[in-house]
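Colleague: Heads up: the protein sequence lines correspond to chains A, B, C and D, in order.
Per my numbering: the first sequence = residues 1 to 612.
Per my numbering: the second sequence = residues 613 to 1068.
Per my numbering: the third sequence = residues 1069 to 1380.
Per my numbering: the fourth sequence = residues 1381 to 1657.
Bear in mind the hints are in silico, worked out from the structure with no lab data behind them.
Take these hints with a grain of salt, some might be off.
[To be verified] Quick list of in silico lysine to aspartate or glutamate cross-link-like pairs, DMTMM-like style, CA-CA up to 25 Å: (1) K1030/B - D1173/C; (2) K1349/C - D856/B; (3) K1183/C - E1323/C; (4) K1294/C - D935/B; (5) K1353/C - D717/B; (6) K1578/D - E956/B; (7) K1129/C - D1012/B; (8) K1353/C - D1012/B; (9) K1605/D - D717/B; (10) K945/B - E966/B; (11) K1458/D - E274/A; (12) K1357/C - E966/B; (13) K1172/C - D927/B; (14) K1294/C - D927/B; (15) K1625/D - D1012/B.
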Amino acid sequence: MSTVESTSPAVQESPQTSVAPSHSHAASTAGRLSTFLSTYVFSKDHKVIGLQFLFSTLLWFLVGGLLALAVRWQVAWPWSDVPVLGKLFAQQGGQMAPEFYTMLFTMHATVMIFLVIIPILAGAFGNFLIPLMIGADDMAFPTLNMLSYWFMWPAFIAFGASFFVEGGAASSGWTSYPTLATNVNSSPGSGWGQTLWLVGLTFVGVSSMLGSVNYMTTIILMRAPGMTMFRLPMTIWAMFITAVLQAFALPVLTAAGFMQLADRTIGTGFFSPEGNIVNNAMAGAGGGQPLLWQHLFWFYSHPAVYIMILPAMGMVSDILTTFARKPLFGYRPMVYSVAGIAGLGFIVWGHHMFMSGMNPALGVTFMVSTMMIALPSAVKTFNWLGTIWGGRIQLTTSMLFALSFVSMFIIGGLSGIFMAATPVDIFIHDTYFIVAHFHYVLFAGTAMGVWAAIYFWFPKMFGRTMNEFWGKVHFFLTFVFLNGTFFTMHILGAVGFPRRLADAYHYETFHHLQPLNAFMTYCAIGMVATQIIFAVNFFWSMFYGPVAGRNPWGANTLEWTAPSPPGHGNFDYQPVVYRGPYEYSVPGIEGDHLMQTDPPNQAAAAAAAAAH
Amino acid sequence: MKMLVRTLDMEYETVSAFAAQAGFKTPSGDLIRRDTRGHLSSGLFPVWVLGGVAVVLLLLTTTGCGKTAAASYRLNMVESAKQRLKPEQEQQVATILAALFGTPDEPIAPSECGLDAAKLHLAAGPVRSDIVGRKNGLYREHCAHCHGVTGDGMGPTAAFLNPYPRDYRPGVFKFKSTERADKPTHADLVMVLRNGLAGSSMPSFALLSDAKIDALSEYVKYLSIRGEVELALMRAFFELDDEDQGRLPEDREFLIEEIVLPVAEAWQAAEDALIDVPEMAADIDMAASIAKGKELFYGNKANCVKCHGVTGLGDGQVNDYDDWNKVVLQAHKTVQGGLEQAGEASTWDMDADEADEHRAELAWLDRFQKVLDGNALPPRTIRPRNLRQGIYRGGMRPLDLYYRIHAGINGAPMPAAKGTVPPEDIWHIVNYIRSLPYDFNGTLGVDKPMVARDRL
Amino acid sequence: MMTTSRSTVGGCHSGLKRPIAAHCLIFVICLAVGVAAPGCGAGSVAGPAPDFEAALVLREKLASATGATEAGEEKPQGTGWATLKGRFIFAGAPGDAKPLIVDKDTEVCSKGGMKLYDRSLMVDASTKGLANVVLFLRNSSRVKEPVPTDALVFDQKSCEFLTPVFAARVGQPIDVKNSDPIGHNTNISGTSFNQLIPAGESTVFTAGRETGLPVTVTCNIHPWMKAYAVFREDGYVAVSAPDGSFTIPNLPAGEPLEFQVWHERSTGRSGAISLDQPELKWNAKGRFKIQLEEDEVRDLGTLEVPADAISG
Amino acid sequence: MKRFAAVFWSLLFLSVPVLGVATFIVGPAYDIWLPRDVSEHGAAVDGLFYFILALTGVVFIATEMVLFWFIWKYDESKSNGPGRYVHGSHTLEVVWTIIPAAVLLFLAIYQMNTWADVKMRRPNMTPTVEVVGRQFEWRLRYPGRDGMLGTPDDLHLVNDLHLPIDEDILIQLKSMDVLHSFFLPNVRIKQDAVPGMKIPVWFKAREEGVFDIVCAELCGWGHYKMKGRVTFEPREAFERWLERKYAEQEATQPRDSEMAMASGVVSHPTQIAKNQP
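Starting from the given sequences, assemble the full structure and let the hints guide the process.
Modeller: If you want it as structure tokens, here you go:
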């Protein structure tokens, strides 16, 4: 690591007073317990909270992945003897029941979206990085911050428990469209499972809300001296916009959730029309409109799609610059495009509803706005390419994941255009084409970004670096299996192969697709198995990895001036910011980069002047 | 200020750190202890993690890749509890059934049943999903998740359907072209599979090939016969004489002649027990016929109004049950009554064997309760058909309605009009019922047709 | 330098390890609880699995055995005929009959405030005789009387079956009548007979096979209407009269006979009445054994049904 | 050694466009492609699909190649000096904002007409047939002789839809219970059926054949089994079929329906639509 030397030895490895433990010695066992709780369980330290989010979400990530495998199994070999789960259906000779399958994919999506992607980006990395990167010693509202984590637990429990209630977990899709979701009799999972689903959803919402308020306040009020808005790293910008999105979109979903709850429990009729009879059982009051839910739901959930990708974009931007040893290409355009995505994000929800019976004229307007939202994404992509152009690329594991994020995001973005084109959407709507699309954005995109971030900030979290070799093995296998699984879904969708079918092969149109699906399932199994490498590497490095310095990657942003891991209060001296976050390969200076805190430097000033 | 404090901390820390390195005890001694503790647990922790991973892998490989147990038939526990069978007696029934009818994966049937082994083979067993070629395990692909592998109408999905899926085991089928007491013909079963039962959860399988529907019908017959034999066997225990020591004779005379044959013959007899339907007068005056039908509908002769209601909305008799639900309902009553009585009795004023009897009684009631909770669906009332919707479970052809009125609906409260209502009157009722979904103004013609109330 | 760094790292590690441990554990516990929870719920009761070896053996046996039945040991055949009589009385206090809820066709069914009463336990106030006890011969070697061809009338009037319990021979025509001005239907369970009986009309039913224990007769239109029917091949069956007395003539004499006794409200299994009569070997299934001499008229005297044999 | 690693990784990224394109070439070769289209408007839809495919394909290949090239070229092991110290280029930003914007807008406007044809310009006629989604089957109602829905001469059927070719067809789409989606892959038609709404669906079929009706909106546990079949046939054949079905529905004697059954229901269609690229 040639770059490590460049950090000034004066401040290297100065140990931190980690307040809690020192107390815990004086104290009695009880006292020790209480300090233990207050420090590590009900801690108000943004880093501990961040890690709590990280571990919880990673565990749910495992659950979601296993659910996905079960789904893939049924799609590839319908009604065949299911491994492990087969024990549950011994009387059926090991085959899963269709409503169980619907439950599986519903909960796979639910877990992945509400318990993994959203909390791991905003919760884990937002919490851990925001104060560190803006030079604050903690969040604006530490208690609120703690609550935002502990409000996830009712959600964890609600979703987790719903698997075991009568009728099983929710099984009306993660979109839980009425009247399937509102009418208790319409399917097994629409009983207790659906109610618990709504409860869990509400708690996730509250948690995100608390978080977003906190992030906005912190970023606006608690920046270090000299840290102007336009010296913020992209990560922070992304987190900021995300927080704004959540603050404005979430109330709608929460309200809608309560309306659906009312429809189900006290017989109101917001979403079910007059005299709607399902399974020979009357719905509630009636007089409602199923489409209303779709509008409300997507008014949140489309912005949510950006909530699920923007922070990853931000983090990837920072990682790319660091390992390309090059300033970010077009910093301001990047910021504007993020803002643009956020703005447009509120007026494109209708493109989920082109086939829903919504007035086709509306479809036209939504098509235009949707086409337009592709623009900022394109700008970002070009800027990323511009960033690595002419760089001095260090292919660390983290960088590989970041690059793959770009590569995969291109695919996900482009396939989106098909759906945006209403006439084409007529054919591919609700087929595997859309499945491919959002898995490329959310898995191949966000998840890869998250891995990049984990490998990148791991030293800051635990003071040790992860094993590079096994990291690269993990990357390679994941990358290969991922494309094996999801790219093929495009052509599957081109045949019109519909989503959410427990067995599509009795349709003459689709019966020849089973071998392809089997192939995809093999890849999926490989992909999940690969993550064992990651898990072992992660925990192993946490204790036996090589000790990292404060700034192992020679990055510029503020967190790298703090010790690894930072103690309570983050910085051992108040950081003062003199420049933007991306001053790499500055000509005429010793070392190849200037950290944001490095004192003003003539050569740098000159170079900057020349560059602009 | 803040900055100053921080720098001070730092200095203190560095000093103490040096001290620690030099082996001196620092005033607070934090670092050293923290150090050791940190390393002790850090030594243990990865072991735990890797252990966990290993366990998961082990789980996946052993339980996962090993095949799960083959599908099995469930005993009719409700009947068994009702007949107070002892475990060894249940065992005997299970064994006899296995001998006579095989397993879900290899079904066989006594030749007396006249079932086609090839068809059974096509329908039975696990789904073998060879996509292009022929597909076996039809029953488990299309039917089992509602009707259950045993055909007891208790598949995983059953509890949520309204009405419940049919339990084949009593051998009672509602919609058929034979007299009330008779079994349905093979064609009847095919018909139901083709058209489904409108207004229930039974979908239409019209798009399956004839061969497949044929095989499935045969398999339904097989499950039904098997279930009836099971019932007969369990009931036979009550008829045993004391010298039999509570064990059924396992010879051909009893098992085949006494138990299997009657069932099998009933099914074979059905094929030529068709109701003969007299022609509806070709030159019938529809309007008049409808008027006549209305008269009968409300009158004391056909008396339809009593159950189907004055409006024909099916609200005349709303708290009646299908026979199989009545059985469960009755069982619940028995158990409740028994428990009450047992509650009143106190073991104080009993001698030893009375007390034993009492305990045995309680044990039985307790098990019965468990069986009713776990092996039976909570009874649901059956409502008379709402005749204003034009949705008729057994089909909407005039012929179907004629069958329903003529023979009633076996297993359901609907009585037969046969014998007491002359055929031409039945036709009038049919015509009237077919007019009910529409606004009928008494006269008919191209210029003023009947118009439906919007059904949906 | 190294030590300090390690100490720092170690120190902060101990800081970050616990959240990990805490979380993994809490999470695992939650899942475990979740998994355990449904286990406590009402699972289905599994019967014993079949013994497949025995099944295969039996299958072989049945396949090999020809239709010819192996000759069973001959039952001792007697000659001539005898009569059995007796009288059931109820030891307990019957209490007064509950009125039935009549909510339909009240203009007929409760004309002039007339009430219908539950008839499941009819005890004669003066003689304490217990009516409607059914008693029949389980197996008969021979029958004296041929099946009667004249119809047995089973009538219903003012929404009540006139005979609460009736017995008929298999093959004997039963004239199911309706003497009401309104329509009824008569639903005899176990026989798939459920027939619409228009006002004042009647239809004929003929039982095809024995019923074993008595079966219910109901009217779905008027749910309170209820009666019982028992059908036997040999008419060796009696329903006790209002005073509790019964008589079965022409029983085959000189051979062991086994009778089954039943009452609607009996607490015995499936309604069997079992009395404490050791000399008759009266068992828990409500059966007793007896042998009659030719032309004998055996009077069992008064058979007292204890109070707790009838459900309250 | 480091260089080898860099080459390896850049080639891995090169494999994305290569294999990506390969997939779209191999897929059709194995029938894994747009199913045969028999509708009138289908050509326009497919045309748009191919157009967008080409457009995005070019961008895809270009960007992925650039990515590969940069990784290959600017890897530190090639040690071509320090990284360029540039903060971006205003002109470039403008260029790659304007051009995509123009293209995307063009796309949006270009396809409005097709959209209008399929979903907005409804033919002025009474419904040919009413299709009602129900858990889990398609219930069909033909107007019968008087051409009016909701009269006693309506023909009621399940799952087996027959339609005439070469003429406008207007389907009145309804749902009894939950959301369904009426999807005809071979006619490029998809429309959700929403409880409480009557949604018109129209198209014109050009060729005869028997095709699948798929449910494309989750409608409960039995979603997968909600399979229907549409048969396109010439007018007279269609009429004959209607008559036969009506006769069967009005059967007053077993033999009537036997006859109808024998000649009627095609239980396993002989000519099922094969997917042709």
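Colleague: Each of the hints needs a verdict: does it hold here or not?
Modeller: Against the structure, the hints:
{"no.": "1", "hint": "K1030/B - D1173/C", "in the structure": "24 Å, holds"}
{"no.": "2", "hint": "K1349/C - D856/B", "in the structure": "16 Å, holds"}
{"no.": "3", "hint": "K1183/C - E1323/C", "in the structure": "48 Å, violated"}
{"no.": "4", "hint": "K1294/C - D935/B", "in the structure": "15 Å, holds"}
{"no.": "5", "hint": "K1353/C - D717/B", "in the structure": "39 Å, violated"}
{"no.": "6", "hint": "K1578/D - E956/B", "in the structure": "62 Å, violated"}
{"no.": "7", "hint": "K1129/C - D1012/B", "in the structure": "45 Å, violated"}
{"no.": "8", "hint": "K1353/C - D1012/B", "in the structure": "45 Å, violated"}
{"no.": "9", "hint": "K1605/D - D717/B", "in the structure": "24 Å, holds"}
{"no.": "10", "hint": "K945/B - E966/B", "in the structure": "24 Å, holds"}
{"no.": "11", "hint": "K1458/D - E274/A", "in the structure": "71 Å, violated"}
{"no.": "12", "hint": "K1357/C - E966/B", "in the structure": "23 Å, holds"}
{"no.": "13", "hint": "K1172/C - D927/B", "in the structure": "13 Å, holds"}
{"no.": "14", "hint": "K1294/C - D927/B", "in the structure": "23 Å, holds"}
{"no.": "15", "hint": "K1625/D - D1012/B", "in the structure": "15 Å, holds"}
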